[in-house]
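6 protein chains.
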Amino acid sequence: MKANALKQKIADGVNCVGGWVAIPNPFAAEIYAAQGWDSVTIDMQHGSSDINDVVPVLQAIQSSSQATPLVRVPWNDPGHIMRVLDAGAMGIICPMINTKAEAEALVRAGRYPPMGERSFGPFRASQYGADYWQKANEEVLLLAMIETRAGVNNLDEILAVKGISGVYVGPSDLSLSLGKPPTLDPTDKEVLAAIDTIVKTTRKHGLIAGVHTDGPVTALRRYEAGFQLCVLLNDVRLLAVAAQQVVNEVRGKGPAAKAKTY
Amino acid sequence: MKANALKQKIADGVNCVGGWVAIPNPFAAEIYAAQGWDSVTIDMQHGSSDINDVVPVLQAIQSSSQATPLVRVPWNDPGHIMRVLDAGAMGIICPMINTKAEAEALVRAGRYPPMGERSFGPFRASQYGADYWQKANEEVLLLAMIETRAGVNNLDEILAVKGISGVYVGPSDLSLSLGKPPTLDPTDKEVLAAIDTIVKTTRKHGLIAGVHTDGPVTALRRYEAGFQLCVLLNDVRLLAVAAQQVVNEVRGKGPAAKAKTY
Amino acid sequence: MKANALKQKIADGVNCVGGWVAIPNPFAAEIYAAQGWDSVTIDMQHGSSDINDVVPVLQAIQSSSQATPLVRVPWNDPGHIMRVLDAGAMGIICPMINTKAEAEALVRAGRYPPMGERSFGPFRASQYGADYWQKANEEVLLLAMIETRAGVNNLDEILAVKGISGVYVGPSDLSLSLGKPPTLDPTDKEVLAAIDTIVKTTRKHGLIAGVHTDGPVTALRRYEAGFQLCVLLNDVRLLAVAAQQVVNEVRGKGPAAKAKTY
Amino acid sequence: MKANALKQKIADGVNCVGGWVAIPNPFAAEIYAAQGWDSVTIDMQHGSSDINDVVPVLQAIQSSSQATPLVRVPWNDPGHIMRVLDAGAMGIICPMINTKAEAEALVRAGRYPPMGERSFGPFRASQYGADYWQKANEEVLLLAMIETRAGVNNLDEILAVKGISGVYVGPSDLSLSLGKPPTLDPTDKEVLAAIDTIVKTTRKHGLIAGVHTDGPVTALRRYEAGFQLCVLLNDVRLLAVAAQQVVNEVRGKGPAAKAKTY
Amino acid sequence: MKANALKQKIADGVNCVGGWVAIPNPFAAEIYAAQGWDSVTIDMQHGSSDINDVVPVLQAIQSSSQATPLVRVPWNDPGHIMRVLDAGAMGIICPMINTKAEAEALVRAGRYPPMGERSFGPFRASQYGADYWQKANEEVLLLAMIETRAGVNNLDEILAVKGISGVYVGPSDLSLSLGKPPTLDPTDKEVLAAIDTIVKTTRKHGLIAGVHTDGPVTALRRYEAGFQLCVLLNDVRLLAVAAQQVVNEVRGKGPAAKAKTY
Amino acid sequence: MKANALKQKIADGVNCVGGWVAIPNPFAAEIYAAQGWDSVTIDMQHGSSDINDVVPVLQAIQSSSQATPLVRVPWNDPGHIMRVLDAGAMGIICPMINTKAEAEALVRAGRYPPMGERSFGPFRASQYGADYWQKANEEVLLLAMIETRAGVNNLDEILAVKGISGVYVGPSDLSLSLGKPPTLDPTDKEVLAAIDTIVKTTRKHGLIAGVHTDGPVTALRRYEAGFQLCVLLNDVRLLAVAAQQVVNEVRGKGPAAKAKTY
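Residue numbers (my numbering), protein chains in the order written: chain C, 1 to 262; chain S, 1001 to 1262; chain A, 2001 to 2262; chain G, 3001 to 3262; chain R, 4001 to 4262; chain U, 5001 to 5262.
Please note that the accuracy of each hint is not assured.
[What the hints assert, rightly or not] The calculated lysine-lysine pairs, modelled on BS3-like cross-linking and capped at a C-alpha distance of 30 Å, are:
no.	chain 1	residue 1	chain 2	residue 2
1	C	100	R	4100
2	U	5180	A	2135
3	G	3009	A	2253
4	C	135	C	200
5	S	1200	C	253
6	R	4253	U	5009
7	A	2135	A	2100
8	U	5180	U	5002
9	G	3253	A	2200
10	C	135	R	4180
11	U	5009	U	5162
12	U	5253	R	4002
13	G	3189	A	2253
14	G	3180	R	4253
15	G	3180	G	3200
16	A	2135	U	5189
17	S	1162	A	2100
18	R	4189	R	4135
19	C	189	C	100
20	A	2180	S	1162
21	R	4162	G	3180
22	C	2	R	4180
23	A	2002	R	4002
24	A	2100	A	2180
25	U	5009	U	5204
26	S	1002	G	3002
27	S	1002	A	2100
28	S	1135	A	2253
29	R	4204	U	5204
[Stated by the list, open to error] Far from chain S, by Cβ distances over 12 Å, these chain G residues were calculated:
no.	residue
30	3123
31	3206
32	3248
Source of the hints: derived by calculation from the structure; they are not laboratory data.
Everything numeric in this text was worked out from a predicted model, so none of it was measured.
Virtual Cβ for every residue (Gly too), placed ideally from N, Cα, C.
This is chain C alone, in the form it adopts within the complex (with noise of 0.2 Å):
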């Protein structure tokens, strides 16, 4: 089996850097994963793709980039995690891993017998190799989003769960838990504590430890406190920035209609 390169950086100590995919169409995924990413993650969650989604902005990242495919499911769902990896994801971002128990139904979804009950049907991932079903458990990543008190909480049972790979931090549900404002860049005590707490105790299971970012600013205070996979905003988001900025560089030279706060 194709080996996951995402993994392999993260063991040999690269600070690995993520795109994050809001906008479901091929034709801006396959330029947008071309840019230089570690990883690629096609967000399903906080966005509108579905799995028809899914299986040709797979193929555009992959026809552009060596980036490593992950998806971030909208929940955690057999029915959604068995089909994007059968689809070709080398990795899976789970929402809301509060519990071992929903930690251990992660792994069940994900993993093939004996370790989980992931149903065989590989029909794109089956391009990784024949002995795709040997060496996915091994390949394939688990990443639990670890975004509520209750996940903090439970971290050391969450991370003992065999067969997660490790954590994805959501800065902005972590605040929410902790009834503060949400924010990808977090400044209060409380949370940081929080943010601090998971990548130690991650690190110290010899886990992944990945955190969402609202860019590279922060991604390079996180890398400092040990966290080794850091997204820099999303695509839509980027876009966003973007546009505003050549508009507002043209506006400031003369009359125009305003930006509207959106």
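Once you have looked at the hints, place chains S, A, G, R and U on chain C.
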């Protein structure tokens, strides 16, 4: 009929800022369109949009923005021109108008009788008012792309065709036509002279002068030269540049995979 | 080859009732088509259907209905005409046939040699029988839209073109062409006289006379005048009218928001 | 945050009129939505819409109408509920809420902490304002479908769950659950008594009572009984009825094929 | 209600031949379905079809074929099961039924009251007749996939659940569950014994026994063992094998690129 | 610019084997393309692909295969030709080139200045290199379909048009044009003589000779006659034949429904 805001702003002397949609996805288009543009053009020529993409993308643009929606058609073809106008485009940008005859064909397709031969059936454009059939010839913009040596040579004749609202310059094609490398920011004297001729001749006719640019710096130069509508790259290029930039900001600080030159 | 039921009914003197699909959605089309029409026409001209919509909508129509499937193409263009016939349309309604030359072009695209130059590859039409290539020229209807003053003036010549099956009148465009407001139920004398001329001339040639109407009342008048196929609005207008009606029936009885004139 | 107009109107005593979209097509939805509804619900349960349809249909509704957009989810499932809210639905109609536990699950998925566990990422809902995360719990409607004997029996408990905004009655399922034929206009005493219990109990709790009907006559009866939101058939049924009606008006006057009972 | 032809044929002792659609494209499905199958199953589990694909693919199958349309759902989830039945599937193949409780859940979702809790709204299935709600529980097939050691162990209990129509064996998953390599033509004794147990137990219960195979040779063996429905690969595998075969027939005769093992 | 592998192989004397995609589905195309072809052509003429299908299908082909991607356009129309080249097609197969003028039109649309008038905007083709604009005229293939008596008669003139890379023979249309039944394996002497003339004349001009066949046997005969590229049926026909075959292998052994002749 609802007035064409872009037409009005240009008449009022506003330096209009144009967006350009190559990603045929309504979610992306809705957010992109909301960033403060005076017009947003859906590109069917150097993009993959068909008419069945144009409808939802127009809806998306109109649901988030007051920008005037335009469409660049794939070719000077009545089937395309009439359908995108019916779908609610407030203007057409038509490639490769090189002769008076081609300008006349554009008018035939884009204007109702007696000025032209546009067929009646504004399936979405009817939202602009019950008098659409009476006012559309006045409100809808027909912009002829001047992008070849022939187009420049025949410009006076082209602009004299009743029903043509103005021009839109494609600097890359114009450069190629003059035997120079394609670029959105030409420095070649002959190309610059041709662009200058176009804007001066067009303004002399009292018509609209629009131009494609590679971003704010070039656009500001074009406004000074007399252009009234400048487009600042397209969405997919903005996205690619923005993505590469954030990747590079992080890569500079640690070891990682290099961006593919794509 | 499966016979064209619409053609047969018209030959048998049936007043044929036509449906008209502007909503390119197979679920809606399947239910709409099942309501008792003699023909259902997919409208690619004043609608947003592309060829990749036409295939599933044709399947939907054929799965629920015995209505003869027709397509109105966006323009008199071989690329459109040949593809929708290959896709299984049993007839073409072609906009804006104003001259003998345009009628000849329609026949070239819509008829196999030696009558025309249609290319062979009936990717769905092959379902009609192994002898499709031998019978299609006879069974497939080519209806020329007569909807301009020129079309009326050249009608005899147009109808004399071998391979043309008949005409389809577009009253809105015909009105516009004669300098009158577009309407599906014209009361203007000149327009009515033109319509009368069309139906009489067409029947004199022994060809089929079809017409677009705004509903049953006008349609019944047209049958009396000699038309053999009347279309009763389209699906989206029927839906809008029906929706407005039920809203109004409830609104009359209590306070509520008013319907937007759209 | 933009206020929920439907909620406000109900508070103001308006008899709200609801539209219902089963045709997942943005062009049809845009025109349908413009006909004067107070709310328009996209039906994902007894319809073929997936989340990738919901986004463009929401855009279409919002581009032509001030109606409050709601979504009926396929099932009481966090993956569906969270995504359609993120996509901009201003309320959820959730099928088959039969117990307090099911109502609590609905609230967990549909409300942000601390009331629920909704994940933060309003990819389109962010258009409602920067304070969406603070106000959404108040503005977004969560309507529990009461459509079984168990649901009626447990109604008090269900309505006592904090975060539930009201109920929506499905008369067909309620009839079936009580052993009667499914109908939108039940005349069976037991069913009518159950509906009466639901509306009275709901209003007693100060919550919203909505109901599905077969059209204006039944709706007017329901308003009198205390319902505040009545839906009048759905788009595809309205279309089928309207189509059958015009066909019949013409068929009565001449020989023709009969409508298939479909 | 239209009878379920597959059910009838099995009752009549026909060895039923099943098709399997993994390519969610209506054009391909229409032609594939016409090749003589007794049933055609749309695979939503190990395929990329969402519910919005299922509708047009069902229409395509039904427009060209008398084969009974089935759907394999992604998971034992009411949202999926109810919607594909509403869409017109005449039966469900449900993955991973390992326990009596899972079988009961399948029946709850797939059967109308009082047997189950299926919600009423057969948006396409209503085409089967006005008495669909009365007969569907009898005519619609619910086939439980038995594909794990637990499923085999609990088979008697599973089959005793009222409303289950029979089983469908997934040999690959069954092999994996028993610790063997996944294959559609197992030769392992333990796997073969399990398959034998399944078919015998199922037939003893008087229920339907179906099985996935790798083609005619294995299928004929399975019929002999008592299976009544055998599926012969899926469309995409058939296509790949056929393509490779024709390429190889030509390559043997001249130099050329080698086929990628994919 | 990335070299055109097909062109190179033909120059090297390889008997090139062509695939042909009529199913506009990226999942199917990806697997089909991986079976060892030298080229894979997306058929827009006798198929239902629009440009918005072509992009994801091209991505699919390129993600699994080294085959050179070509597109058969619906018609000799600049709108189609320019867009599919921009989308990344490495060559065009253009129907019905019967005259020198038609060949010149093909070159105008398919070649950059000064050879032609192709507009610059290679939205996906830019992946082939920054010098694409300089090399595309050389690397991109323009194959003229010779498929009528007129085409054969004018062949020398057609081949003399600078920019034409070669021919592609459509035996069905050629047969029809000569008054014979359409077939991919003609046995009629006049048709065979015409095919012979085409290949000899083309090779004499040093250009590429391609041909559509019904499979390996005919293809091998065509290579011997001098053709350098033979296409072996298309995907949907291969699938239908393969399906019918496996059904028949099982049906021979037991009672069952018969395949519809379709």
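Results for each hint:
Distance check on the hinted pair: residue 100 of chain C and residue 4100 of chain R sit about 25 Å apart at the alpha-carbon level, within 30 Å; holds. With a CA separation close to 14 Å, the supplied pair residue 5180 of chain U and residue 2135 of chain A stays within the 30 Å bound. For the suggested pair residue 3009 of chain G and residue 2253 of chain A, the alpha carbons sit about 16 Å apart, so the restraint of at most 30 Å is met. For the hint linking residue 135 of chain C to residue 200 of chain C, the alpha-carbon distance of about 29 Å falls within 30 Å, and the restraint holds.
Using a Cα cut-off of 30 Å, the hinted pair residue 1200 of chain S and residue 253 of chain C holds, with the two alpha carbons roughly 22 Å apart. The hinted pair formed by residue 4253 of chain R and residue 5009 of chain U meets the criterion: a straight-line CA distance of about 16 Å does not exceed 30 Å. Pair hint residue 2135 of chain A plus residue 2100 of chain A holds up; C-alpha atoms about 25 Å apart against a cutoff of 30 Å. About 42 Å separates the Cα atoms of residue 5180 of chain U and residue 5002 of chain U, which puts this hinted pair outside 30 Å; it is violated.
As the CA atoms of residue 3253 of chain G and residue 2200 of chain A are separated by approximately 22 Å, the hinted pair is consistent with the 30 Å bound. For the hint pairing residue 135 of chain C with residue 4180 of chain R, the CA-to-CA distance comes to about 14 Å; that is within 30 Å, so the pair holds. Using a Cα cut-off of 30 Å, the hinted pair residue 5009 of chain U and residue 5162 of chain U holds, with the two alpha carbons roughly 22 Å apart. Distance hint between residue 5253 of chain U and residue 4002 of chain R is fulfilled; the C-alpha atoms sit about 29 Å from each other, no more than 30 Å.
Note on residue 3189 of chain G and residue 2253 of chain A: the hinted pairing holds, with a Cα-Cα distance of about 26 Å set against a maximum of 30 Å. Of the pairs offered as hints, the one joining residue 3180 of chain G and residue 4253 of chain R is violated, with about 71 Å between alpha carbons and a cut-off of 30 Å exceeded. Distance restraint check for residue 3180 of chain G and residue 3200 of chain G: the Cα-Cα separation of roughly 22 Å lies within the 30 Å cut-off, and the hinted pair is therefore satisfied. Of the supplied pair hints, the one linking residue 2135 of chain A and residue 5189 of chain U holds, its CA atoms being roughly 25 Å apart against a limit of 30 Å.
Note on residue 1162 of chain S and residue 2100 of chain A: the hinted pairing holds, with a Cα-Cα distance of about 28 Å set against a maximum of 30 Å. A C-alpha spacing of about 42 Å is found between residue 4189 of chain R and residue 4135 of chain R, which places the hinted pair above 30 Å, so the restraint is violated. Restraint check for residue 189 of chain C and residue 100 of chain C: the C-alpha separation of about 26 Å stays at or below 30 Å, so the hint holds. A distance of roughly 21 Å separates the Cα atoms of residue 2180 of chain A and residue 1162 of chain S; the hinted pair therefore holds under the 30 Å criterion.
As the CA atoms of residue 4162 of chain R and residue 3180 of chain G are separated by approximately 21 Å, the hinted pair is consistent with the 30 Å bound. A threshold of 30 Å between alpha carbons decides the hint, and for residue 2 of chain C with residue 4180 of chain R the separation of about 22 Å falls inside it, so the pair holds. The hinted pair formed by residue 2002 of chain A and residue 4002 of chain R meets the criterion: a straight-line CA distance of about 26 Å does not exceed 30 Å. With a C-alpha separation of about 25 Å, the suggested pair residue 2100 of chain A and residue 2180 of chain A falls inside the 30 Å cut-off, and the hint holds.
In summary, the hint linking residue 5009 of chain U to residue 5204 of chain U is supported, as the alpha carbons are separated by about 18 Å, within the 30 Å threshold. Annotation: proposed proximity of residue 1002 of chain S to residue 3002 of chain G holds, straight-line Cα distance about 26 Å (limit 30 Å). Restraint check: the Cα-Cα separation between residue 1002 of chain S and residue 2100 of chain A comes to about 39 Å, which exceeds 30 Å; the hinted pair is violated. For the given pair, residue 1135 of chain S sits about 38 Å from residue 2253 of chain A by alpha-carbon distance, which is inconsistent with the 30 Å threshold.
Using a Cα cut-off of 30 Å, the hinted pair residue 4204 of chain R and residue 5204 of chain U is violated, with the two alpha carbons roughly 73 Å apart. With a least CB separation of 8 Å from chain S, residue 3123 of chain G falls inside the 12 Å interface cut-off, contrary to its annotation. Every beta carbon of chain S lies more than 12 Å from that of residue 3206 of chain G, the smallest distance being close to 34 Å; the non-interface claim holds. Every CB of chain S lies more than 12 Å from the CB of residue 3248 of chain G, the least distance being 26 Å, so the non-interface label holds.
This entry does not satisfy hints 8, 14, 18, 27, 28, 29 and 30, going by the numbered hints stated previously.
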